[in-house]
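**Q** Work out the full structure, taking the sequences as your base and the hints as a guide.
Just so you know, the protein sequences line up as chains A and B, in that order. Read in order, the letters of the first sequence are residues 1 to 385 in the working numbering. Read in order, the letters of the second sequence are residues 386 to 764 in the working numbering.
Don't read these hints as lab results, they were simulated from the structure. Hints are not guaranteed to be accurate.
Said to hold, decoys possible - Covered, in the sense of this in silico footprint (three residues per stretch, anywhere, with C-beta under 8 Å from a C-beta of chain B), are these stretches of chain A:
#1 27 to 33
#2 45 to 53
#3 99 to 112
#4 118 to 127
#5 251 to 259
#6 376 to 385
Said to hold, decoys possible - Partner residues aside, some chain A positions facing chain B, computed with beta carbon under 8 Å:
#7 192
#8 262
#9 263
#10 358
#11 360
#12 373
Small disclaimer: the values here were computed from a predicted structure and weren't measured. No residue lacks a Cβ here, since even glycine has one placed at the ideal position from N, Cα and C.
Here is how the chains run, residue by residue.
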Amino acid sequence: MVVLALTALALLTAHSQAAIYCDFNASTTCDAGLKFVGIENDTGGFNNAHVQNYSLNTYANSLCCSTNVTDDSIGRDCSDVVLFNMSSQDNAHVQNNSIGTYPVGVCLSLDNSNLSCRYDSSCGASETCLFSMSSEDNAHIGDCSEYSILYCCSVSSGPPPVPTLLLPVDNNYSVQERYVFFDWTDSIDPQGDPVHYTINITAPSGCAAIGAINRSVSDYTSTTQLCTDATYNWTVRACDDGELCSAWAPQANFSIESLILINFTTNSTDFGTVEPSTIDTTVENDTLDNDPSPLVIENVGNVNVDVELYGLSQLWTNQPLNTSYFQFRNESASVWSNVNTNYTNFTRFLNFSDSEELELRIEVPIGEPPGAKSIVLQARAGASS
Amino acid sequence: MRHSYFFLIIALILALPLTTAFGVSPASTSVLDPDGNVQTLRIINTQVEPLELQLVPEGNVAQFIQLSQTEVSLRPGERVDIPFVVRDINVLPGTYTGGIGISQKPSSVQSTFFVQAVAAVLHKVEVVVPQQGKHVRANVLTDTPATNEEVLITVATENIGTENINSLNARIDVRGPTNDLLFSERTPSTPLSVGSKANLVTGWVPQSPGTYLVEAVLQYDGITRTVRETITIGSLELRLGELDVGPFSLGDIVRLDLPVSSDWNQPLPGVFGQVQVYQNGEVIDTITTGALQLPPRGDGTLSAFWNTAGLAPGQYVLEYTVFYGGETNSKAFTVDATINAIAVDGQTGTSAYVSLVLGALIILAGLFFVAKRFITRKK
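**A** Below is the structure:
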């Protein structure tokens with residue numbers, strides 16, 4: 001019997017399934033576990049036996065129970081289950097607890113885990129048999145192979161603790177990053193089992209719904225850009241590998257504040273001294289070869305923007321804007337556009353932190369009078385549709 | 386006579402610094418049913434110089450907008466909130482667009498270099514004047530689209546009419562490139578009061594990457610309306626197989642076959658390859674294959690023909706680059722070439738010569754066996 005119990009313990013431990021098990025120890029004390037009653041029959045054995053209070057120590061055998069839940073301990077508290085009731089403190093018959101007419105209850109408890117027990121003719125896969133009884137009432141006791149009324153118990157270990165949400169901070173309505181970083185505290189499973197997390201992000205109306213995300217670590221960065229200027233709710237729960245889960249963490253809110261911000265990292269260029277064009281020779285120059293350098297603009301906000309361009313003044317004396325004498329293009333375009341007196345599309349920044357070179361081309365008009373030539377271009381960014 | 390143009394760096398300290406960067410938040414404002422709502426935009430001076438800005442409403446929303454101030458000065462790092470009222474004016478129902486242009490004041494703009502640039506921002510404003518009756522506007526959104534994972538399809542709806550909607554739902558269909566219906570599901574119904582929004586959501590698991598058409602047939606209080614959106618699932622990637630070398634004899638033209646396969650749900654035309662042949666790290670030859678069209682979720686083989694005339698036995702690296710739909714994918718193979726054989730990454734290709742010799746030996750062995758039996762019988 002001891003061998004059977006130890007085998008069961010080994011199997012249960014190998015599968016990490018929380019369990020409680022009992023052994024009929026041929027002694028007045030327990031080699032392992034906690035004694036619940038003394039047991040003895042007419043021949044000194046433990047089947048077809050009477051029972052006595054665990055403290056009397058006059059019966060030859062002991063019902064000893066243990067658990068494999070490492071950070072839990074077994075006790076005789078009646079808050080969890082009553083194994084049976086005894087007719088008296090000594091030389092007693094036993095009775096199904098639900099009948100309730102025997103005066104002495106024999107109780108079993110676990111400090112942390114949940115214990116669930118029942119009388120039945122067979123035990124389930126997740127249950128262990130602790131002992132058997134000859135009948136529901138006025139009964140003798142034996143090991144699980146003795147009688148058809150078995151006492152079956154299952155243990156469910158406690159779930160991991162509820163994580164605490166850290167980032168984004170609750171009620172932060174000025175998050176800047178579109179790929180939002182979510183962070184929460186680690187949950188340590190009471191039984192030391194591996195823990196995984198489910199993060200649930202509720203998108204506001206008008207924004208794409210996001211499915212529940214499973215993570216093995218306690219953080220997550222969204223793989224898509226989240227909406228701006230609308231409130232998201234989020235929460236996390238922790239589960240062990242037996243899918244025993246904590247409650248959801250108290251929900252937190254945040255929103256991303258949209259920001260348009262473009263920056264000229266190079267905002268001026270100098271074409272230097274140029275010769276006048278003649279009927280035979282057209283003098284032109286551009287920034288494609290970085291001589292002179294192009295203007296450089298970058299998107300440092302958190303929304304995609306369209307950038308449009310126009311000239312605030314006239315460059316040449318003899319030629320107005322919107323002619324081929326002063327043109328621009330972005331670095332990936334293949335054709336030049338005339339700098340205009342109205343806004344003209346320049347580029348679309350589809351990614352944040354992108355930068356773009358504003359290439360310029362001049363062609364000196366014939367007959368242009370000598371002198372210093374200058375112009376200011378205005379580049380305007382607006383949110384992409 | 387030759388004229389020379391020149392320019393001088395003058396009056397630099399007289400001019401105000403040019404605006405190279407400032408921020409505006411939020412990026413846009415949308416107002417449904419204007420009733421004198423007060424909105425706010427924030428301007429942030431991110432540069433180390435002071436800013437002198439002007440604000441000008443523009444577009445066909447300009448008539449709705451009443452700015453609390455049209456000019457603003459900001460110290461370096463300062464941020465200022467600018468309230469503005471979106472007025473209720475008597476105009477036809479519809480959607481009005483435009484915005485508030487924010488730029489450097491012209492009086493403070495002076496160029497001291499040949500070409501200078503200043504930054505400006507358009508804070509977009511949309512004003513929706515509700516239409517009489519029951520009207521819903523909707524658009525289709527998706528979360529991270531990946532193959533073999535559930536894609537959440539969201540139909541974002543907004544009541545832009547003047548009446549509440551008692552029951553709104555959508556049948557969401559997903560169609561493949563040949564308009565074949567791959568998925569159809571109706572969302573639960575929800576009421577939608579005037580001016581409110583609701584997301585109608587369903588989940589769909591795509592089987593292969595590619596482009597799909599999402600069609601949402603909205604039904605609300607006896608009215609049917611359809612919105613469509615093309616979505617892309619996954620990315621366009623070709624899988625490259627192992628190099629197969631045809632009959633080999635150094636000095637001949639050798640066929641280099643590379644199997645390619647596509648999971649994309651549409652045909653891929655114009656797939657071609659380029660093989661660069663390296664010897665001791667130097668490119669000694671570049672070969673281009675013909676182009677082929679891969680069928681949806683189909684396979685094909687690219688063939689390059691390598692002229693090995695004049696090459697010495699030794700080790701070569703063949704880098705096979707495949708071009709498709711604006712993308713490329715490469716795979717390199719190391720080959721050991723001898724006079725009559727070539728080994729590719731551990732696979733040995735038998736030369737035509739060796740094959741011929743082996744075949745002749747087998748025939749000779751057969752003839753010998755037959756002849757021996759004939760001689761034995763004669764005895």
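**Q** Work down the list of hints and note, for each, if the structure agrees.
**A** Okay, the hints, checked on the actual structure:
no., hint, result
1, 27 to 33, "violated (count 0)"
2, 45 to 53, "violated (count 0)"
3, 99 to 112, "violated (count 0)"
4, 118 to 127, "violated (count 0)"
5, 251 to 259, "holds (count 3)"
6, 376 to 385, "holds (count 8)"
7, 192, "31 Å, violated"
8, 262, "5 Å, holds"
9, 263, "4 Å, holds"
10, 358, "7 Å, holds"
11, 360, "6 Å, holds"
12, 373, "7 Å, holds"
Hint check: violations occur at hints 1, 2, 3, 4 and 7; the rest are consistent with the structure.
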